Amino acid sequence: MKKQMIAWVGAASVVMLTGCAQSMAQPPAHGAMATPMATSSGTKAAELRAGLNNLFSEHVYLAGAATNAALGGREAEFKAAAAALDANSVAISKAIGSVYGEGAEKAFLPLWRRHIGFVVDYTVGVAGNDKAKQDKAVNDLVAYTQDFGAFLSSANPNLPKSVVADLVKHHVVTLKTVIDAQASKDPARAYTALRAAAGHMQMIADPLAEAIVKQFPDKFAG
Amino acid sequence: MHARGIVGVGSALAIAVAALTASAEPTPTVDIQLFQFKPGAVEVKAGTAITWTNGDDIEHTVTSGDPEHRTYRFDQHLSGRGSTTTIKLNEPGVYPYFCDRHPSMRGEVRVNPSEP
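From first to last, the protein sequence lines are chains Y and H. Our numbering numbers the first residue of the first sequence as 1 and each following residue consecutively. Our numbering numbers the first residue of the second sequence as 1 and each following residue consecutively.
These are calculated hints, taken from the structure and not from any lab test.
Over the 12 Å line for every Cβ pair with chain Y, so calculated as not near, a few chain H residues:
(1) G47
(2) G65
(3) T86
Partner residues aside, some chain H positions facing chain Y, computed with beta carbon under 7 Å:
(4) L34
(5) F35
(6) Q36
(7) D56
(8) D57
(9) I58
(10) S104
In this text, all values refer to a predicted model and were calculated from it rather than measured experimentally. A virtual CB, placed ideally from N, CA and C, is assigned to each residue, including glycine.
Please work from the sequences and hints to get the whole structure.
This is how it looks when you write it as structure tokens:
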């Protein structure tokens, strides 16, 4: 039973990594997110900050939903959550593309999906009680933080690579805490950790928005 | 078997990886920026040196083939921002390449026969 569950999580992770065809065919506009948090003072800068915060917090909630369904052995729910998570990834890449162009968007999406793949690896490792797989996934995620930091640093000189890498590392750690709590069947701890992990994303979204506004003050006035 | 050996030796001779310091013609360049090879495709005459410059603060590679089908013709590592590598391809053909560290990064060099 557990082996079967691990198998379909692995198979579904391919969907997450290669991109859900449905979500690619109908990418949601990042301004049309369902998250009811979007508030802004009406300036372009505020809209950017609110939009990025929505996308990044949504990323965490959907990732948590996917890992929780996977660990609970709920295949259909996991697949739906994984598809929604990938739609969120596409939306984030479009947000990046709206600032840095289509080439950056295309380069960002596989880079972003890569860390989701590592999170899936970690979840599979937890589900299968495979410590080596868990350790490899954590190491891959830590290495990934350098890639992500380099990407944003290359895009925007106001974002030092090491600072971004540390922030993303914290994202990885907070999400790992969620998965560990889910695996230990402790919903109270899992949901507390999930809120903390989602809340942490503001630490990434706000500096990113601020750096973009600083880089393009005419485009994002306010 | 004999023909295969000749092809192998020919391929090895056709590819020269060198740090060229002087050239009569300007060296085509490929910038690596934001995890992209720019331009993604270059077209040169056989024997022309091409230089890649890494603009990202992370290691990238210029590795021949694609992640599923490596061709082992070249595999150059660019350690970080500002690092460069130069490759000269003497044999006409199409050479796809990618970054081994970031497999979604792809590029292509088209080598045309040099004029007699």
